[in-house]
Amino acid sequence: MTRLRRFQVARGGAALQRLQTYEVPEEERMTVLDGLLHIQRHLDRTLAFRFNCRAAMCGSCAVRVNGVERLACSTRLSAIPDAAVTVEPLRHLPVIRDLMLDMEPFFEAWRAVQPAFTPSATVGGEPARIAPDSPERRAIALHRECISCGICYSACDIVALSPRFLGPAAMTRAFCLVHDSRGAGADARLDILDGERGCWRCHTHGSCANLCPKGLDPTLAIEEIKRMLARRAVKQLFGARG
Amino acid sequence: MRAYAELWPAHPRWGVWAWWAQRVSGVALIVYAAWHIVTVAGASRHPERLAAMLQTLRHPMVAGLLLVGLAYHAANGVRLVLFDLGMEWMRQRRAFWVFLAASVLIAFAGFSRVVPGR
Amino acid sequence: MRAFLWLLQRVSGLLLIAFVGLHVGVQYGFWASPFRRSVLMGIDWIMLGLVVYHGVNGLRTIAYDYVGNPATQRLVSSVLWAAGLALLAYGTWGLSAMSR
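Order-wise, the sequence lines are chains R, X and E. Position 57 of the first sequence, counting from 1, maps to 1402 under the numbering used here, and the rest follow consecutively. Position 30 of the second sequence, counting from 1, maps to 536 under the numbering used here, and the rest follow consecutively. Position 20 of the third sequence, counting from 1, maps to 583 under the numbering used here, and the rest follow consecutively.
Do not rely on the hints blindly, as some may be mistaken.
Stated by the list, open to error - Far from chain X by the CB rule (all over 10 Å, computed), these chain E residues:
1. M564
2. R573
3. L603
As the list claims (entries may be wrong) - If you want the footprint, here are the derived chain E segments under chain X, 3+ residues with CB under 8 Å:
4. 577-588
5. 634-644
6. 651-661
Unchecked claim - Cβ-Cβ distance ranges computed for the label pairs, FRET-style:
7. R:A1428 / E:V642: 45 to 55 Å
8. X:V537 / E:L568: 19 to 29 Å
9. X:L513 / E:V587: 47 to 57 Å
10. X:W603 / E:V587: 41 to 51 Å
Think of the hints as simulated: they come from the structure by calculation, not from any bench. Every residue, glycine too, gets a C-beta built ideally from N, C-alpha and C.
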């Protein structure tokens, strides 16, 4: 006998969100995404949400489950202790409808750090090599796997206070590129990270690192950025004098 | 998009409360320091104010509260600086308890120094 | 610039632990001789500067979290630094008045 699990899903547009209740038959190993799909197929065809890979690789299905940012596809109902499962959209992003968000502010911050690799001048000759055990490769190892799901951006208390704050994901991306010795643009990115939108607003709460579904640690990356900027400032001070 | 800045932390964990306590103790210490500096600086003109301030500071409750605030702010500050220097262990809850215990000891030591007869 | 403010907040904080510890721990009676008193006043003055910096920068950091507009931020920052400078000036005058 399958028991019914109560789902409370945010419905409506930006200003008018309310929670709508659905009773979803809970199967073994069922995820939150399975629940949303069941609602859409059998209970309410008007429910709007995003998903794609169903394997925690694309980042499309990021939502808040009982107040905590999760990927819907990899959140088992059996792992949720509460009787009701409340599904709401991520924080800090404009709601289009139901669980669908306008990701533009997130990607605006992403673009602001020059997120694409900027090659240095030379073309031709030997391909540049980065050894897997080189210090620069090891420095970014933890932080490469970002799927830009927006969970860290939603969890961040500073993003809550300040829409202009770049946020954990953008700064982690910048961190990876700054370490790439093949590329130009490290100084330009460091200047952006040093600016009023940048790392100095981070107070190392760690909500981002705590909730990243890929195990990234933006808190650590941002701490390393602060250290790099501090060293750079001291060098510039004494370099200018000496 | 947002009508107000959300003041309550989205994910309240011990680290966020530690940070709040750092800020609250910091602001309280600034208020105290300003009073202390103005009173001592004006001592040549208003010696009675200095005397009154020293009297107040000797009171066990005042001294105790100040020392607790100061010791917490200092100890947690050291933990934060160590984390900033790269010591990741400082992010653990256990590290916080160690530094909190240290701050209690410091406050205690200061108390017996400042309050006569305790 | 921001990197220096961040760095100096930590440096001043650590130094203040030593200075305030000394300030609370020292019995002023022992330091009666003029030389020792000058030393103590020098230490007090450095401590005053450190406290003003650390406190003003702390308040500024808190304010910047809640004030989004860059122009307002600059205004708040200016007011705070001005207040800090005034306190430093008054404290310096007070210290010199005590040494006379």
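Against the structure, the hints:
1. M564: holds (18 Å)
2. R573: Violated: least Cβ distance 5 Å, not greater than 10 Å.
3. L603: holds (13 Å)
4. 577-588: As far as the region 577-588 of chain E goes, the hint holds, because 6 residues have Cβ atoms under 8 Å from chain X.
5. 634-644: The restraint on the region 634-644 of chain E is violated, since only 0 of its residues have a Cβ under 8 Å from chain X and three are required.
6. 651-661: Per the Cβ count (7), the hint holds.
7. R:A1428 / E:V642: 45 to 55 Å: holds (52 Å)
8. X:V537 / E:L568: 19 to 29 Å: holds (22 Å)
9. X:L513 / E:V587: 47 to 57 Å: violated (34 Å)
10. X:W603 / E:V587: 41 to 51 Å: Hint violated: Cβ distance 25 Å, outside 41 to 51 Å.
The structure shown violates the earlier hints numbered 2, 5, 9, 10.
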